[in-house]
Every structure is written in structure tokens, then in C-alpha cells.
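Q: Let the hints inform the model, and build the full structure from the sequences given.
If you're matching positions, the sequence shown starts at 1 in my numbering and goes up one per residue.
Worth flagging that the hints you see were computed from the coordinates, not collected in a lab.
Here are the computed lysine-lysine pairs in the DSBU-like style, where the Cα-Cα straight-line distance is at most 35 Å:
#1 36 x 140
#2 33 x 116
#3 116 x 97
#4 151 x 109
#5 109 x 49
#6 65 x 33
#7 36 x 49
#8 49 x 97
#9 36 x 116
#10 65 x 8
#11 49 x 65
#12 33 x 140
#13 49 x 113
#14 113 x 33
#15 6 x 97
#16 33 x 8
#17 6 x 151
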Amino acid sequence: MTLPEKFKVHVITLSDRAHSGVYSDLSGPAVVKYVKYAMAAAGWECEIKTTILPDDAVALLAALKEAPVTDLIITTGGTGIGPRDITTDVVRPLLTKEMPGIMEQIRVKYGTKNPKALLSRAVAGAIGTTLIYTLPGSVKAVHEYMAEIVKTLEHTFYMLYGIDRH
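A: And the structure:
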């Protein structure tokens, strides 16, 4: 298998309030900046689509299934334990391969400074050849998570596509 000529990326923000216009989405644009940086650093082109959804399982599932040729999906929001936090519950059953290590590392690294970070249920993995990461909704958490994810993103794609770059 070969890597895509242009990576298709979908950044999905899950927030009832941002979806209804109560406030502007700041987390999604922060994710986009990190993705652009990581793709440029790898020498890859990408096309990024952004979507703001309410905290709704049906809407998220529809967004995930509508994009069969997406190479990377990053969600922000809905990873906690609140009654409307559904992201992890929707994504986890779709994973064909889970990558628990990166999310565990992020929780431990930032949880030592802020124990609330340990409450995140964020997951990462692959749905076929689509990488997916679910991030918490706060801009601070997006910076923390993406700072770690970009360190491994290039290698993760090579592994996913069976390209030996050791």
C-alpha cells in the first residue's frame, strides 16, 4: 500500500453550545493548526473539512460513516463522563484497532499536574485505514493532546499502511 497523495482530514467538534451558536468553536480551529503543521512537517498535502455537531450519537455516527475515504478524523468534545458526553461511546465500537498507549500517556503526563485530566475517556485507533483520535473539548486539552499526537502521526500512518520505515 502507498500513502495517499493528498490526505483527507475531518475535524469534528462536538458541542451543543457551539453548534447552536452560543459561542464560537475554538477547539476545532486549534486542531486544524496542529494537523497542518504535522502534515507540512512530513511533506504531505492535506485537505481539511471541519464540522460542528451537537453532542448527539446519531449525528456523530452519520458524520463518521459519510466519509469512507477520510484518512484522519479528529474529534474534540464529548470525552468526559457527563450525560451528553457520547463521543467515546460512539467511536470505540467502530475501531478495528485501538491505540490505547498514546491516550494513556497523555492522561498520565497531564494528570500529574491536573488530576481532572485523568477523567478523560479519549480513545485513539483505526477504523480500517482511517486514523481517529477523540480529544476533550477544551482548547487547553486540545493543545496538550495534539502536542503529543503530532510526534507520532507520521510513523502511525506508515505503520497503518504497512510501510517499513525502521
